[in-house]
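Engineer: Residues per chain are reported as follows:
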Amino acid sequence: MNKDLKAISRDIRCDILRCIGHLGVGHIGGCLSVAELLAVLYFEAMNIDPAQPKKAGRDRFICSKGHAGPAVYAALANRGYFDKAELLTLNQGGTNLPSHCDMNRTPGIDMTAGSLGQGFSCAVGIALGSKLEGDGATIYALIGDGESQEGQIWEAGMFAAAKKLDNLIAFTDYNKLQIDDEVAKVNDIAPLAEKWAAFGWNVIDVEDGNDVEQVSEAVRHAKLGIGGGRPTMVILNTKKGCGVKWIEDLGAGNHNCKITEEQAEEAIRVIRGED
Amino acid sequence: MEMRAVYAGCLAELMEQDRHVCVLDADLAKASGTRGLYERFPKQMFDCGVAEQDMASIAAGLASYGFKPWIESFTPFATRRICDQIAISIAYAGMNVKIVGTDPGISAELNGGTHMSMEDVGVLRSIPGMVIFEPVDSVQLRAAMPVLNAYEGCVYMRLFRKELPDVFGGDYRFDLFKADLLKEGKDLSIFVSGFLTKDVLEAEKELAASGIDAEIINVHTIKPIDKETVLASARKTGAVLTVENHNVIGGLHSAVLEALAEEKVPVCAVGVQDRFGEVGKMPYLREAMGLTVENIVATAKKAVGLK
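Residue numbers (my numbering), protein chains in the order written: chain A, 1 to 275; chain B, 276 to 582.
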């Protein structure tokens with residue numbers, strides 16, 4: 001494994017805090033929970049070229065839980081798609097970095113998303129497109145656990161399996177929390193692995209989705225499934241707000257919460273081990 | 276020939292010419308007339324099953340990959356049911372997807388109120404960038420299909436499935452953004468969309484007999500409406516009638532009113548009076564909704580009387 005991935009996920013986490021802290025409010029919890037996944041995808045797994053963000057045949061990443069836009073922007077900036085200074089324009093009028101992913105504004109964003117459930121179907125369409133073109137691309141998609149309550153997620157899951165889209169590797173950010181409360185209390189999606197298996201998907205259950213080694217291993221394993229006729233769902237058991245104790249402790253309250261620049265800087269110091 | 280057969284034939288030609296043209300169904304390929312294309316174009320025809328939301332967003336994904344997808348279903352399921360998918364996955368994302376809703380308004384006949392969309396144009400008209408087109412006959416449909424396919428963006432086509440009498444002849448020239456003048460007149464402008472165009476032409480004879488010289492304009496593209504033509508005609512005649520197989524709220528009538536908002540002309544409407552549909556055959560439904568030649572004549576006279 002690339003030993004730098006842990007450091008990269010730390011950089012992504014710090015940049016998420018920096019840009020949302022600069023703004024004062026944002027979808028912090030569900031951004032921090034996917035920092036490791038983004039490090040693995042953008043710095044290890046994906047066949048991409050930041051100098052050619054629209055290159056034909058590239059691997060694609062669709063963030064169907066579109067509110068994790070700031071996390072993806074942090075990953076893209078670290079990967080060299082645009083200057084890190086631009087991260088501080090998040091959600092300012094006229095920015096290229098809106099709260100929810102917009103393919104027409106941000107270099108490196110492969111699909112617009114924000115209305116939950118839809119990005120996942122788009123990813124399925126993209127995986128189908130790649131199959132039709134025969135370009136050998138791998139299509140990665142990220143959905144939320146709360147998002148998995150959308151019926152469209154399961155429509156897309158059914159279609160992807162029926163059409164044998166084994167070039168599609170999806171991830172569920174299973175942090176167990178959604179806006180109103182715990183997912184299990186609001187409208188439980190368990191047993192999640194069994195559901196995806198029943199839908200005809202390969203399922204990889206990652207015990208700690210905030211451990212880069214485990215995520216990296218899961219993605220490597222998922223790639224072995226390409227050619228096997230089934231799409232793969234990687235369930236990442238994550239912690240919403242991961243990496244910042246007081247944000248984690250907010251529980252469901254960290255979905256979209258306030259954070260001052262000082263709080264962000266303090267959290268960054270802790271993450272960097274400087275305190 | 277049935278409109279759906281003409282439509283399917285045109286799609287076949289487009290798919291033959293370009294492997295990126297593809298069609299997605301939600302278990303209504305038979306109704307849309309495209310079931311027969313599956314064997315011939317196995318890599319361009321996809322049935323998503325009864326999952327319209329998925330169909331719309333999959334089409335957006337394919338469009339983002341350079342494909343030119345057409346999605347089709349009955350009018351209510353191709354519009355109001357997937358309004359958010361059309362708004363976000365397709366329109367907001369700027370995806371090149373064509374949406375075809377079949378059986379508009381009362382033409383859903385025996386499927387009744389649940390399948391009888393009186394609001395589809397209204398639902399989609401307020402989404403930015405949407406183009407809304409409704410053909411009047413097979414001549415116009417045939418002329419429009421390659422134009423719609425070549426248009427980069429989202430177009431909604433309201434497609435009457437069954438056979439329709441021809442309005443246009445073989446010399447017809449189609450412009451997606453230009454309304455068609457069918458008859459010049461000086462006393463009243465009638466703007467009509469869809470199959471009721473034939474009825475308006477019928478009504479015109481009676482109006483002429485009553486001494487009213489009506490100008491008849493087929494507004495095949497309801498959005499963006501050809502404001503220039505609408506304004507010029509209304510200013511010339513001084514009275515307007517709109518005729519549509521749709522709720523008078525949100526459709527052609529509303530579009531014409533918006534175009535004429537700053538004009539001092541009466542604008543009367545023949546259309547569905549803000550009510551849901553119901554089961555029945557066309558003659559019954561025409562009477563029930565007031566979509567008759569008699570009502571067109573009566574409302575036209577009223578409009579002229581308001582001058």
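Everything labelled a hint here was simulated from the structure, so no lab data went into it.
Keep in mind that this is a model prediction, so the values were computed, not measured.
Be a bit skeptical, because a hint or two may be false.
Subject to a maximum C-alpha distance of 25 Å in a straight line, what follows is the list of computed DSS-like cross-link-like pairs (lysine-lysine) [said to hold, decoys possible]: (1) A/163 to B/511; (2) A/163 to B/305; (3) B/305 to A/55.
Here are a few chain B residues that face chain A, going by a calculated C-beta distance under 8 Å [to be verified]: (4) 355; (5) 363; (6) 366; (7) 548; (8) 573.
Every residue, glycine too, gets a C-beta built ideally from N, C-alpha and C.
Engineer: Each hint needs a verdict: does it hold in this structure or not?
Structural biologist: Each hint tested on the structure:
{"no.": "1", "hint": "A/163 to B/511", "in the structure": "58 Å, violated"}
{"no.": "2", "hint": "A/163 to B/305", "in the structure": "21 Å, holds"}
{"no.": "3", "hint": "B/305 to A/55", "in the structure": "38 Å, violated"}
{"no.": "4", "hint": "355", "in the structure": "16 Å, violated"}
{"no.": "5", "hint": "363", "in the structure": "4 Å, holds"}
{"no.": "6", "hint": "366", "in the structure": "10 Å, violated"}
{"no.": "7", "hint": "548", "in the structure": "33 Å, violated"}
{"no.": "8", "hint": "573", "in the structure": "45 Å, violated"}
Consistency note: the structure conflicts with the earlier hints numbered 1, 3, 4, 6, 7, 8.
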